[in-house]
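Enquirer: Listed here are the chains, written in short residue letters.
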Amino acid sequence: MTRYLLKRLFWMVPLLVGISLISFLIMHLAPGDITTTEAGFNPKASEESRQKLRQLYHLDEPLLVQYGLWLKRMATLDFGTSFASHQRPVFLEHKDEKGNVSKGMIQEALPITLLINVLSLALIIAVALPLGVISSLYQNKSPDRAITVFVFVGFAVPGFWLALLLMYWLGVAHDWLPISGLHSLGYEHLAWPARLWDTAKHLAIPVFISSLGGLAGISLFVRNGMLDVLHQDYITTARAKGLPENAVVYRHALRNAMLPLITILGLSIPGLIGGSVIAESLFAIPGMGKLFYDAVLMRDFPVIMGILTIGAALTLIGNLLADIAYAWADPRVRRGVTG
Amino acid sequence: MLHKVLLAASLALSACGQPNSASTANLDSPYPPQTGGTLVDAMSGEPSSLIPMIAGESAASAIASNIFNALLKYDKNLELEGELAKSWDISNDQKTITFHLKPNLKWADGVPLTSNDMLFTWKLVTDDNTRTPYGADYKLVVKAEAPDSQTFRVSYAQPYAPALDSWAGLQILPKHLLQGQDINTTAFARHPVGSHYYQLGEWNNGERISLVRNPNATQGQARIDRLLSRFIPDPAAQFLELMADNIDSMNLSPIQYARIFPARPDLNKKIALYKELGNAYTYLGFNLKHKPFDDRRIRQAINFAIDKQEVIDGVLLGLGEPVASPYKPGTRWSNPKLHPYPYDPKKAKQLLKEAGYADHDGDGILDRDGKPLAFEILTNQNKQREMSATLIQRRLKEIGIDVKIRVLEWASFIGRFIKTGDYDVVLLGWGLGQEPDQYNIWHSSQQAPGQFNFIGYSNPAVDRLLEQGRLELNPDKRQEIYHQFAKILLEDSPIVYLYAGYGLPAIHKRVKGIDNPAPPAGIGHNSYEWYIPEPLRRTEISAQ
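Protein sequence lines, in the order shown, are assigned to chains W and C. Heads up: the first sequence at position 328 corresponds to 328 in our numbering, and the numbers run straight through without jumps. With positions in the second sequence counted from 1, the corresponding number in our numbering is that position plus 1000.
Keep in mind that the hints were calculated from the coordinates and are not lab data. Accuracy of the hints is not assured; some may be wrong.
[Claimed, not checked] The calculated DSBU-like cross-link candidates involving lysine-lysine, where the alpha carbons are at most 35 angstroms apart (straight line), are: (1) K1086/C / K103/W; (2) K1106/C / K95/W; (3) K1076/C / K1275/C; (4) K1404/C / K1477/C; (5) K1512/C / K1275/C; (6) K52/W / K1275/C; (7) K1291/C / K1337/C; (8) K1275/C / K1291/C; (9) K95/W / K1289/C; (10) K1509/C / K1477/C; (11) K1347/C / K52/W; (12) K201/W / K1512/C; (13) K52/W / K1143/C; (14) K1289/C / K201/W; (15) K52/W / K1095/C.
Because the structure is a prediction, the values reported are computed rather than measured.
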């Protein structure tokens, strides 16, 4: 098992380098660089000063040289600083000799996005699991149909449209929830329970909106998994033994139906750091989606590469974790791995 | 699209309930000026840094212009006047400008502000290590000196008329805090100390920035205590916040201004709408190096074939003005005798016929030498520009020109098409500058890749006027030069002026002292005199 793990971890390194090289090349395929986007169309900005900037950022070097420079920095886990004029560190905070701390861009955006995504994933599972089980138990009867219609409507409704309606209804027509942002004015002066309540109120609509689309996938997944299992011989055996229906469904069927869900959860780990640009703009949440989108529009290469690399690493780790969890949960897989 | 959705949403839901309006009964009664209070507004972007010469984006200059002073400024009619400078003299040979500072100027931290700070700022902006795109104007200064603490003098190799504008654009930075630091990475960018009405209070990344009154302000004291800007990227979300009374001001879109507000009397009760001339115009520009756009008759024909009022009505819902020169209507640089090309399809057809175009093959599209008159309009992702292109497409179709439209993301647009000159027609915008010099945009020498005369305009008469205009510092003589320049430009029609849209600020009625109608400089010119009477202030904020 340890050997297997080490082998998997070892192979992740060339894979990561390959992914980063491809990302780097694709990123540079798009026309333009930071000097075309930043003050690029201001007649007061001269072409010479833009050339100067290009040299400063090595944008005038051949692509492979640029990639080499980036890789060299990355080898020491240095994500570099943004091309934008604030030149903030891409990933982690940096302290200068005077003790002034400039926060990393990903460091600031990531916790917010992570919080929203973890909450919405939890909400999705908490709702989709029972929905899926109910659907399978009442296959093709009206509860099943109603649930299917509900989750597909949730999947199909444009999130930004529903978000605007909810913002209007809950925030303008009634003063129940805040409309946008993460904190109320004067948040700093609140005691911690009030802060928690304040944040919860700000997150309510965004989390609801981002979960709604995910309900359909997971609940149908659970439903179909359950249906597969319910038709297995061992369920018939369990029923024949005279086990109560609850025990059959929850102890024997559900646990087996949950196995493929591990794969799905593993695959959703990299998704946790991605935010939705539309939702983040709408709710004025400074998260990863907007950070990435703005970086692409600005051609802020260090930030783009930073986010892509972290995403790639998390994808690989997510896959590995899913495999391990699978092996742990399913003896058949475990034997295949160690044997 | 969000606006349309929002419109639908607000119409659909307006029956559901009334917004949480505070007591609006006394909003309209008069109040005497008073100091205090907080003004909350929304910005769609966040500044990257608060050092104006380094951060180029509009969000940064909006905030920084409340923190830093320049030597000169524009008054409400867009004429230059002193800000840190009490007065300025121009030498007889027009090569040297001497600024005399106002007495007893101070930085927010109490340190005296002197001509040494100006000299320091000039050195900074012209330093090769400073990461600024704006150095070019200041590098023309061959000698800058501070003979005493109240005098700052700059000399040019030859008279340079845009110099005065450039000194209104350079915000002065404190030497005592920045000396010996790397301006590109200094922490000062996020902890600025200036000399204007406000100083930085707090900056919560991604959420908001707040400014508080500067007790040592050089220009007197502003009336409002605190300015709070919330970063809300989405205009629909901004509008909802305005409706819910969580922000005091925002810039409306034409749909919000002309469709939603008239339908919502409850909003009109608490929010006042203003209209000011915007700072930019939209145009259709021809690649003059490509056939057939080298032929003036073709350009004029297209100009006659486009109904500008239709574009303004359709795209801006009437909230804009046609322009006939690249200057703000109502200012001295705009030539009042010039008028846009009228909509005249007959004349357009006539001109095309003279140029040799006719529908020889009967397919409805004009052709010459077997080649149809067809081209592509390129524009960037901007709803108003896309809609304008669509209206133009239809009008040109009517006179037998086949137009396709292509919409591109900004960096690709500039990098792939503008820089390489690989396009026929673009739909873009330029600023309606306060400074009349537009050498960079129209002079024939400015056509290299990356320079701004990318349409390839070349007219010796215009070149000469632009050169003259740069040498003449007397405003009245300059005015004549630029009136003549605009006249030739209009006749030559290298671009079709489409419209200059209005800025449409909406401000809560609790804010008093706003000039209406707006002067050429816009309503913001006297924002330091705005005030919020105590009974109308927000309770939850004033409690802090």
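Enquirer: Hint by hint, note whether the structure agrees.
Expert: Results for each hint:
1. K1086/C / K103/W: Between K1086/C and K103/W the Cα gap is close to 41 angstroms, so the pair fails against 35 angstroms, i.e. violated.
2. K1106/C / K95/W: Holds, at roughly 31 angstroms.
3. K1076/C / K1275/C: holds, 15 angstroms
4. K1404/C / K1477/C: violated, 44 angstroms
5. K1512/C / K1275/C: holds, 16 angstroms
6. K52/W / K1275/C: Between K52/W and K1275/C the Cα gap is close to 41 angstroms, so the pair fails against 35 angstroms, i.e. violated.
7. K1291/C / K1337/C: holds, 31 angstroms
8. K1275/C / K1291/C: Violated, at roughly 41 angstroms.
9. K95/W / K1289/C: violated, 53 angstroms
10. K1509/C / K1477/C: Since the Cα atoms of K1509/C and K1477/C sit roughly 43 angstroms apart, the hinted pair is violated (cutoff 35 angstroms).
11. K1347/C / K52/W: With Cα atoms ~49 angstroms apart, K1347/C and K52/W exceed 35 angstroms; violated.
12. K201/W / K1512/C: holds, 33 angstroms
13. K52/W / K1143/C: holds, 23 angstroms
14. K1289/C / K201/W: violated, 59 angstroms
15. K52/W / K1095/C: holds, 29 angstroms
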